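Chains as they are written, first to last, in our numbering: chain B, 1 to 148; chain Y, 1 to 106.
Treat the hints as calculated values from the structure; they're not laboratory data. Remember, predicted model here, so these are calculated numbers, not experimental data. Quick reminder that beta carbons are idealized off the backbone N, C-alpha and C, glycines included. Hints may contain errors.
Taking lysine-lysine pairs in the DSS-like style, the calculated list, with each CA pair at most 27 angstroms apart, reads [as the list claims (entries may be wrong)]:
hint : chain 1 : residue 1 : chain 2 : residue 2
1    : B       : Lys136    : Y       : Lys74
2    : B       : Lys69     : B       : Lys129
3    : B       : Lys38     : B       : Lys136
4    : Y       : Lys14     : B       : Lys69
Residues on chain Y that point at chain B, a partial pick, calculated with CB under 10 angstroms [what the hints assert, rightly or not]:
hint : residue
5    : Phe53
6    : Ser68
7    : Ala80
One-sided excerpt, in silico: chain B residues whose CB lies under 10 angstroms from chain Y [unchecked claim]:
hint : residue
8    : Val96
9    : Met103
10   : Cys104
11   : Ala107
12   : Ala110
The primary structure of each chain is shown beneath.
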Amino acid sequence: MTSRSRREVLALGAGGAALAVAGRAQATPQEAADAIAKFTGGKPTAPGRITIDLPEIAENGNTVPFTVKVESPMTADDYVSDILVVAPENPRPQIVTFRLTPMCGSAEVATRIRLAATQDVTVVAKTSKGQFISAKRTVKVTVGGCGG
Amino acid sequence: MSNARIKIPESAKKGDVIEIRTLFSHIMETGFRKDASGKPIPREIVNRFTCTFNGKPVFSADLEPAISPNPYIKFSVRLAESGTFRFSWFDDNGTVTTEDRKIAVT
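Chain B with its partners taken away, still in its complex shape (with noise of 0.2 angstroms):
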């Protein structure tokens, strides 16, 4: 078990029978940020451009909307390739990584995603000028989804 107390174990397993937990119920924080080395390949992120589109409160952990737009011209010689989406205190802090090339024309996605937690969901973009850019966005959950 990682930074989680007893009683907030105990407290997710009784809220979300969805929840169940195999082995491990959550990423450390190292894992997180383990995926995001991995994806920018340990280059530094820089803040902006990033919209994120959350509820403030999910009651819902098993589907939230999520929608994610990136300010991009979107040309040929300028545009977000690569959007990787974290999630901290999921069992695994990949969500999705969606890959976009010019011909999208906007660099605007959206889908639904489980939240185990209460946290920070993490944006990381990929420029095709080889910049990452970053932003972050905090979701209550009140009934933790199989998150993970």
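Chain Y: place on chain B using the hints.
Only chain Y this time, still in chain B's reference frame:
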């Protein structure tokens, strides 16, 4: 009946950004759950989604178990010519579901 539902306009103006919405019926079993007897339920998810246009890659996604059941993905596309989209969903069990959609671009 396919598991896939795709919302896409039948026609578009050249250079306009259009929206594509896809929904795929799938349990998205995370592999983190246990059954009533305490045995782990094996993971089975759609781990990849791809969209090509006239054979060229447009958009794809590497999905993890943290994507909700019946994975929904919305993204956009800007077209210069008429053609055919191909959407593919890749299941952990090896199944690939493919759907084609034509669009007229004027």
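To see whether the hints hold, each was checked on the structure:
1. Lys136/B <-> Lys74/Y: holds (21 angstroms)
2. Lys69/B <-> Lys129/B: Roughly 18 angstroms separates the two Cα atoms, so the pair holds.
3. Lys38/B <-> Lys136/B: holds (18 angstroms)
4. Lys14/Y <-> Lys69/B: holds (23 angstroms)
5. Phe53: For Phe53/Y, the interface hint holds, since the closest Cβ of chain B sits about 7 angstroms away, which is under 10 angstroms.
6. Ser68: Where the cut-off is 10 angstroms and the nearest Cβ of chain B is about 4 angstroms from Ser68/Y, the hint holds.
7. Ala80: Check passed: Cβ of Ala80/Y comes within 9 angstroms of chain B, closer than 10 angstroms.
8. Val96: Hint holds; Val96/B Cβ to chain Y Cβ min 6 angstroms, cut 10 angstroms.
9. Met103: This hint holds: Met103/B lies near chain Y, its Cβ roughly 5 angstroms from the closest one there, short of 10 angstroms.
10. Cys104: holds (6 angstroms)
11. Ala107: holds (9 angstroms)
12. Ala110: holds (4 angstroms)
Violated hints for the displayed structure: none, as all numbered hints are satisfied.
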